[in-house]
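Trainee: When you get a sec, could you build the whole thing from the sequences and use the hints?
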Amino acid sequence: PVAIVPGPGREPVWPAGVVGSMTHCRGRRAAAVARSDEILVLGIDVELHAPLPEGVAELVMSPAERGRLDELGRIQPSVAWDRVVFSAKESVFKAWYPLARSWLDFLECDLELDARTGTFDARLLVPGPLIGLDRLQVLRGRWATEGGFITTAVWEAAAPTRR
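Under my numbering, the first residue of the sequence shown is numbered 805, with each subsequent residue one higher.
Just so you know, these hints were derived from the structure itself, not from any lab.
C-beta atoms are modelled at their ideal positions from N, C-alpha and C, and glycine is treated no differently.
Watch out, some of these pointers could steer you wrong.
What the hints assert, rightly or not - Estimated spans, in silico, between C-beta atoms of each pair:
# : residue 1 : residue 2 : range
1 : G813      : A834      : 16 to 24 Å
2 : A868      : A807      : 36 to 44 Å
3 : E858      : I935      : 18 to 26 Å
4 : G859      : P805      : 37 to 45 Å
5 : I935      : E862      : 31 to 39 Å
6 : R830      : L934      : 34 to 42 Å
Mentor: Here's what the structure looks like:
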């Protein structure tokens, strides 16, 4: 066993050869870990399944993202889509930070959710970190709602099988 201690940005410092992410909210805690030779980076988040407080959506979503919420709501009206977007962006940040060692603002990625497949694409609106010779531009992930919670996850495979 190895203690997971916080780094200078309060991020978890994982043992050599391991990547991971942690999350918590009232009533749920989770961690995900993987071998770094298989997964370059990952991020997870869990949130209560409820709409965001008044005024928060404007702080964390672009007008284009907010505009897509209506269509998502027509497909699955029981989902708190604004909270799914928030959670997915939290997962993106948790994957971004270990690579870039800098903060990523909520408005620096554009999120497109697929209501039917439980997937999403997060397109970075700022230059992403270099991974080999390529700049990271998109993180892909999954979302789900169950038992009163929203769970999201993103990951990037390690080379040579990287997407």
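Trainee: Hints first: check each against the structure and report whether it holds.
Mentor: Right, here's what the structure says about each hint:
1. Separation of G813 from A834 is about 20 Å and conforms to the stated range, judged on CB atoms against 16 to 24 Å.
2. The hint said 36 to 44 Å for the Cβ distance between A868 and A807, and at roughly 42 Å that hint holds.
3. In this structure, E858 and I935 break the distance hint of 18 to 26 Å, their C-beta atoms being roughly 39 Å apart.
4. As the Cβ distance of G859 to P805 is approximately 43 Å, the hint placing it in 37 to 45 Å holds.
5. In this structure, I935 and E862 meet the distance hint of 31 to 39 Å, their C-beta atoms being roughly 32 Å apart.
6. At roughly 38 Å, the beta-carbon separation of R830 and L934 lies within the given 34 to 42 Å, and the hint holds.
Hint compliance for this structure: hint 3 is the single one not met.
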